[in-house]
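Which chain is which? The protein sequence lines are A and B, in order. Start counting the first sequence at 1; every next residue gets the next number (this note's numbering). Start counting the second sequence at 1001; every next residue gets the next number (this note's numbering).
Read the hints as simulated data drawn from the structure, not as lab findings. It should be emphasised that the depicted structure is a prediction, and the values quoted were computed from it without experimental measurement. One should not assume that every hint holds.
Stated by the list, open to error - Here are some chain A residues pointing at chain B (derived, C-beta under 10 Å):
#1 Leu76
#2 Ala79
#3 Gly81
#4 Gly83
#5 Ala86
#6 Leu87
#7 Thr129
Said to hold, decoys possible - In the DSSO-like style, the derived pairs of lysine-lysine whose C-alpha atoms are separated by at most 30 Å in a straight line are:
#8 B:Lys1358 to B:Lys1447
#9 B:Lys1025 to A:Lys58
#10 B:Lys1102 to B:Lys1050
#11 B:Lys1358 to B:Lys1025
#12 B:Lys1024 to A:Lys58
#13 B:Lys1025 to B:Lys1447
#14 B:Lys1447 to A:Lys58
Heads up, the beta-carbon is just placed ideally off N, CA and C, and yes, glycines get one too.
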Amino acid sequence: MKTNDLILQTTTKIAVFIILLFSLHIFFAGHYYPGGGFVGGLLTSGALVLLLLAFDIKTVANSLPFNFRIMIAIGLLFAIGTGAGALFFNVPFLTHAFDYFNLPLLGKTSLHTAVLFDIGVYLCVVGATMTIIQTIGGSE
Amino acid sequence: MINLLILPIIIPLLTAAILLFFAKKIAIQRWISTISLMATLVVSLFLIHKIDQNGIQTLDIGSWPAPFGITLVSDMLSALLVTTATLVALGCVLYSFYSIGKGRENYYYYAIVQFLLVGVNGAFTTGDIFNMFVFFEVMLMASYVLLVIGGTKIQLRESIKYILVNVTSSALFVITVGYLYSIVGTLNMAHISERIAEVNQPGILTVIAILFLIVFGLKGAIFPLFFWLPGSYYAPPAPIMALFGALLTKVGVYSILRTYTLFFYHDTGFTHQLLAVLSILTVILGSIAAIAFKDMKKIVIYNIIVAIGVITYGIAMMNADGLSGAVFYVIHDMIIKAVLFLLVGIIIKITGSVDYRKFTGLINHYPLLGWTFFIAVLALAGIPPLSGFVGKLLIARSGFATGDVFGAIVILLSSLLVLYSLMRVFLNGFWGDPSGSSKKPEVAVGKLLVPAIGLTIVAICFGIFSEGVYHYISQATEVLMNPDIYIQAVLGKS
């Protein structure tokens, strides 16, 4: 029996972008408000899981051609690299640095290397969650 | 270079992340992991040298001062163990090239081994009790994967048990750390020690000491918490078994050694007495089981448990001889257990049987294998001048010095049973009628033997040059005997 899930698919197309934006917001708010890499990553993978629910694995894999296992590795490299950067300045591992910059649109913004670490966490979480779900979903 | 002591953790971690990119390119994986393990080994040897010159090395991660941030502390004990662990991992990885098989190599085997080494080296180096938990988990997660990788039936069954036991003990670890934190209000190990010394270890802290003994006893397999070990270690292939047998339980033993010398040394009447009794029971039961089985893998597995008992007995004695004996023995045991598992793996590969009664006269076809096995068994039993001798001598002496004649005699007698348990394999399997040996003497074992012989040579040198090694081990013991040295190195005040 072929079901017609037009309503689900149409709603998903809109909702996915809202969820993705919200996850990015949560991710960048992490330093001053509740949020951060972990929950941001989970929300992003939540959006992707909604896509998987509304469409099938093959369609999602075609529209988002990421290798999620490589994403874990890249996330790890981000996190290790942020820590190991300290080695070049002969300060203890994982010592962070920050400064204020005048960015074109945002004005005076503080940029912190902890964000790079958080990007690592974010990528690892998305990669791990999606690997788990796709592996279980794809196995017969 | 102030970050020297973190390099044995970071190099394997970085390697593991890089190896994830080359999942299907086995040749590249092999080269990268060998090179990185050699680099780690060189770095950790350099670290030993630096500690020898300048005393305990500490590193406040993220530049946060000592009790507030995570501090990594590398004293001689942890540097020696890190070096040994890396050496064993190198041996096992080289052995894996020719034995583990493509199926496993394709599924992130080398990356997981690196993660395991991250966990082990981290647990040896950390100076923060919760960070130690995290490194335990890194190590355990990697060991879950190594246990189940390949997906044979026995591996699946045993990994369920293993994961169940370890999840339980990890939960207990968190609860115990929670109790400890609610009483002393800090997680930095030096700071905990200082605060416990201020209140002079009231009853509740002795309760926590026992809880830690249960947690680390489950990880390190002391009586009566070793029930999970024989089955779990039986399941995986030889190089993984060697990694487990050499590294995992020793991390539990190291943690007992660290907490019982750094935290709970005020009221030793109860805790250390209990540890001594449990150690003796561990030794007795391990020895009985080791001579009960005809299965080579089981024999070596129960020898792990005997060794754990011997080491914890040395810790329980809490005198200079006992502690240096324990340190000596733990290093010796890490190397020799890896050797034995690798050799047993080769024998099983040749004969296709785990039962030593099924083959005889192997030495006619494989003399080098036979004599390496012979030397390894002698070293395990502690025949002078091989590596097991000095450690056991010191431990037995410390037992006699504290008046525990029974315990010391049990330790000495256990050597006989250990020797008997594996010499049977040699006498039955290697000697005897050469026509009863394997039907396929054409199995080439040359490359497999290289790492095993290399580690055996290290073990022999460790025994012969024990005078020189003792110089380092006495430094390790000095810190264990005087927690103030550790506290002062971390907190920087007296």
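Hint by hint, here is what the structure shows:
no.	hint	in the structure
1	Leu76	holds (4 Å)
2	Ala79	holds (9 Å)
3	Gly81	holds (9 Å)
4	Gly83	holds (8 Å)
5	Ala86	holds (7 Å)
6	Leu87	holds (5 Å)
7	Thr129	violated (16 Å)
8	B:Lys1358 to B:Lys1447	holds (25 Å)
9	B:Lys1025 to A:Lys58	holds (26 Å)
10	B:Lys1102 to B:Lys1050	violated (40 Å)
11	B:Lys1358 to B:Lys1025	violated (39 Å)
12	B:Lys1024 to A:Lys58	holds (23 Å)
13	B:Lys1025 to B:Lys1447	holds (21 Å)
14	B:Lys1447 to A:Lys58	violated (45 Å)
Hint violations for this structure: numbers 7, 10, 11, 14, all remaining hints satisfied.
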